[in-house]
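Just so you know, the sequences run in chain order A and B.
Take 2 as the starting number for the first sequence in the working numbering and just add one per residue.
Take 2 as the starting number for the second sequence in the working numbering and just add one per residue.
Treat the hints with care, as some may be off.
Identical copies look the same in the list; a pair holds intra-copy or inter-copy alike.
Stated by the list, open to error - Calculated lysine to aspartate or glutamate pairs in the DMTMM-like style (CA-CA distance at most 25 Å, straight line):
hint : residue 1 : residue 2
1    : 28        : 60
2    : 28        : 105
3    : 283       : 215
4    : 150       : 311
5    : 196       : 235
6    : 200       : 235
7    : 28        : 236
8    : 213       : 303
9    : 190       : 23
10   : 28        : 291
11   : 213       : 282
Bear in mind the hints are in silico, worked out from the structure with no lab data behind them.
On a predicted model such as this, the values are computed, not experimentally measured, just so you know.
Number of protein chains: 2
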Amino acid sequence: MAQNIRHMSLLVVGTVALDSIETPFGKAERIIGGSATHFALAASFFCPDIRLVSVVGEDFPQNGLQQFARRNINTEGLQIKKGENSFFWAGRYHIDMNSRDTLDTQLNVLAGFDPIVPEASRNADFLMLGNLMPSLQRKVLQQMNQRPKLVMMDTMNFWMDTAWDDLMDMISRVDVLTINDEEARQLTKEYSLIKAARKIMQMGPRFLVIKKGENGALLFHENKLFFAPALPLEEVFDPTGAGDSFAGGFIGYLSGTNDLSFDNMKRAVIYGSAVASFCVEKFGIDRVADLHQNELDERVQEFIDLVQFDIDLV
Amino acid sequence: MAQNIRHMSLLVVGTVALDSIETPFGKAERIIGGSATHFALAASFFCPDIRLVSVVGEDFPQNGLQQFARRNINTEGLQIKKGENSFFWAGRYHIDMNSRDTLDTQLNVLAGFDPIVPEASRNADFLMLGNLMPSLQRKVLQQMNQRPKLVMMDTMNFWMDTAWDDLMDMISRVDVLTINDEEARQLTKEYSLIKAARKIMQMGPRFLVIKKGENGALLFHENKLFFAPALPLEEVFDPTGAGDSFAGGFIGYLSGTNDLSFDNMKRAVIYGSAVASFCVEKFGIDRVADLHQNELDERVQEFIDLVQFDIDLV
Chain A
2 MAQNIRHMSL LVVGTVALDS IETPFGKAER IIGGSATHFA LAASFFCPDI
52 RLVSVVGEDF PQNGLQQFAR RNINTEGLQI KKGENSFFWA GRYHIDMNSR
102 DTLDTQLNVL AGFDPIVPEA SRNADFLMLG NLMPSLQRKV LQQMNQRPKL
152 VMMDTMNFWM DTAWDDLMDM ISRVDVLTIN DEEARQLTKE YSLIKAARKI
202 MQMGPRFLVI KKGENGALLF HENKLFFAPA LPLEEVFDPT GAGDSFAGGF
252 IGYLSGTNDL SFDNMKRAVI YGSAVASFCV EKFGIDRVAD LHQNELDERV
302 QEFIDLVQFD IDLV
Chain B
2 MAQNIRHMSL LVVGTVALDS IETPFGKAER IIGGSATHFA LAASFFCPDI
52 RLVSVVGEDF PQNGLQQFAR RNINTEGLQI KKGENSFFWA GRYHIDMNSR
102 DTLDTQLNVL AGFDPIVPEA SRNADFLMLG NLMPSLQRKV LQQMNQRPKL
152 VMMDTMNFWM DTAWDDLMDM ISRVDVLTIN DEEARQLTKE YSLIKAARKI
202 MQMGPRFLVI KKGENGALLF HENKLFFAPA LPLEEVFDPT GAGDSFAGGF
252 IGYLSGTNDL SFDNMKRAVI YGSAVASFCV EKFGIDRVAD LHQNELDERV
302 QEFIDLVQFD IDLV
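Using the sequences and the hints given, assemble the complete structure.
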């Protein structure tokens with residue numbers, strides 16, 4: 002029970018970026034984004050002790066750092082590189098909001114990123130490894146004083162094409178892999194997500210989250226399966242960061258509750274989906290940064306109303 | 002209460018066809034298909050009194066008629082045209098099973114189809130109008146002695162392009178419209194399904210079911226929304242008829258329970274999804290025709306396990 006009294010700490014590692022985004026609804030120039038940004042902000046609604054490890058350039062706005070501070074996110078591990086620029090991504094979404102064109106990618110500080118976990122964060126209880134080069138993800142894991150209770154990682158098809166062996170090594174080391182449906186198929190050469198999930202769990206992870214964008218997410222564990230839809234919305238204003246907000250809300254909820262039962266994992270999927278449903282309502286972090294707990298609870302109630310039904314099988 | 006004692010009757014109108022189907026898993030030549038076939042078989046697990054109105058040619062196999070008889074489906078309204086051939090469709094599915102190419106369509110008896118509702122079926126309590134020319138759907142509705150308790154119709158983009166006014170007239174006359182997501186968008190010029198649903202319900206239907214194939218189905222009524230996923234399966238062997246099995250299971254469950262509350266509509270969506278999940282496991286009607294009630298209950302339990310979670314918002 003002592004563990005339940007002491008607050009669990011969550012270390013999130015990934016990108017903190019500047020994004021220029023075009024959607025059918027408008028444009029935003031050089032706004033704050035990046036996977037670790039969304040992880041940390043989403044998780045901050047559930048977990049009081051979040052440590053961020055990432056890198057930005059001199060061009061990163063003070064306002065960005067203030068957003069982290071407002072949510073009590075520890076940025077001791079956020080390197081700020083003098084005379085360099087932050088990782089920059091520019092993209093344009095199509096009308097269906099599920100497909101996008103990358104207009105520009107400037108790695109900048111990310112090219113030479115050497116993640117350093119501050120001494121005080123090397124005992125973190127939970128670890129979220131964002132979509133980075135697998136060798137960098139490993140470098141972070143190796144800096145921990147002891148293995149965290151739960152290690153979750155995200156990845157993408159790019160690493161399947163360019164760093165297969167490192168990727169397989171990392172996948173074998175984590176407890177939870179999160180990946181989208183197309184990537185799960187590419188990773189396993191299986192079209193059926195059920196078969197793909199079985200193969201991926203044989204690679205190491207005890208838990209697998211397959212993200213299907215506007216079509217929700219599947220949680221796999223042993224022979225158990227849970228599905229949560231994405232909340233149907235009037236408008237999806239900007240999908241950027243939705244998957245990362247989902248992942249951050251998911252591991253943030255697990256960290257805050259310190260309960261790894263499958264029933265609690267289900268709840269984590271719902272809370273992650275709820276935060277993600279806010280993320281897409283405005284550009285970048287604007288909506289989640291201003292989110293209030295009561296709005297989150299109302300949104301979770303919407304998920305309950307959306308999927309719950311009452312069938313009595315006698 | 003008298004209504005609850007007497008069995009409700011369900012009239013289903015649509016195609017009874019011969020299909021030749023190619024999937025990545027195999028081929029089947031001239032097997033029994035058609036929307037009304039799937040409606041009637043799926044509904045027969047919930048409703049004891051089903052009347053079928055459709056048309057076939059001399060080439061329709063005895064075995065097909067026997068399948069209906071085995072499920073106690075009344076085929077008095079199934080016209081058999083001497084010297085003519087049944088409606089024939091041939092298609093090939095792509096590996097993703099969501100897209101298919103039509104290889105051949107022969108209207109045959111369907112070209113001159115004049116649906117005649119037998120006198121004994123003109124008092125049917127529930128009516129399912131399959132995807133036919135809207136003027137034919139109206140012809141059926143006009144033959145009823147009184148308006149059924151619930152009229153549900155399916156349609157497709159083809160009628161939006163070729164019979165818009167008749168389609169709008171029919172949509173204004175029904176209680177439940179079932180349509181797929183792309184068609185809902187085409188019908189309303191709205192990309193957001195929430196906005197599209199609102200517009201469609203303004204056209205007349207009190208209830209709307211938007212089918213999203215492997216991504217489940219949405220039920221709309223007033224400001225209420227319910228979502229049911231499709232059950233993730235090891236293999237989707239043949240998707241043909243899944244949407245019609247869903248619709249048949251849905252209205253069959255409503256007919257069998259004679260309860261039009263939204264909570265019961267949710268149950269109908271789940272039972273419809275359960276029957277559809279069997280339909281895709283084999284070619285044509287093979288799986289559903291051999292389905293047992295206990296298998297159906299087990300499948301519904303899988304849906305419960307798939308989506309139910311326990312969050313206590315205090």
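Item to check | residue 196 and residue 235: within-copy, between-copy, both or neither at 25 Å Cα | outcome: Answer is between: at 6 Å across copies they meet the 25 Å cutoff, but 34 Å inside does not.
Checklist entry - For the identical chains here, do residue 213 and residue 303 meet the 25 Å Cα criterion within one copy, between copies, both, or neither? => result Both: 20 Å inside a copy, 20 Å across copies.
Next on the checklist: At most 25 Å between alpha carbons: which applies to residue 150 and residue 311, within, between, both or neither?
Outcome noted: Intra 36 Å, inter 24 Å, cutoff 25 Å: inter-copy only.
Checklist entry - Within a copy, between copies, both or neither: where do residue 28 and residue 291 come within 25 Å Cα-Cα? => result Close inside one copy (20 Å), not across copies (55 Å); limit 25 Å.
Checklist entry - Using 25 Å as the alpha-carbon threshold, which applies to residue 28 and residue 105: within, between, both, or neither? => result Cα proximity of residue 28 and residue 105: one copy only (15 Å, versus 46 Å across).
Checklist entry - Can you tell me if residue 190 and residue 23 fall within 25 Å by alpha carbon in one copy, between copies, both or neither? => result Result: close only across copies, 22 Å inter versus 33 Å intra.
Next on the checklist: Reference check for the pair residue 200 and residue 235, CA-CA at most 25 Å: within, between, both, or neither?
Outcome noted: Only across copies: residue 200 and residue 235 sit 12 Å apart there, 37 Å inside one copy, limit 25 Å.
Checklist entry - Between residue 213 and residue 282, at a C-alpha cutoff of 25 Å, which is it: within one copy, between copies, both, or neither? => result both (18 Å within a copy, 23 Å between copies)
Checklist entry - Which holds for residue 28 with residue 236 at a C-alpha limit of 25 Å: within a copy, between copies, both or neither? => result within (15 Å within a copy, 42 Å between copies)
Item to check | Alpha-carbon proximity context of residue 283 and residue 215, limit 25 Å | outcome: within (16 Å within a copy, 29 Å between copies)
Checklist entry - How do residue 28 and residue 60 come out at 25 Å by Cα distance, when the copy is not named: within, between, both, or neither? => result within (20 Å within a copy, 61 Å between copies)
Taken one by one, the earlier hints all hold for this structure without exception.
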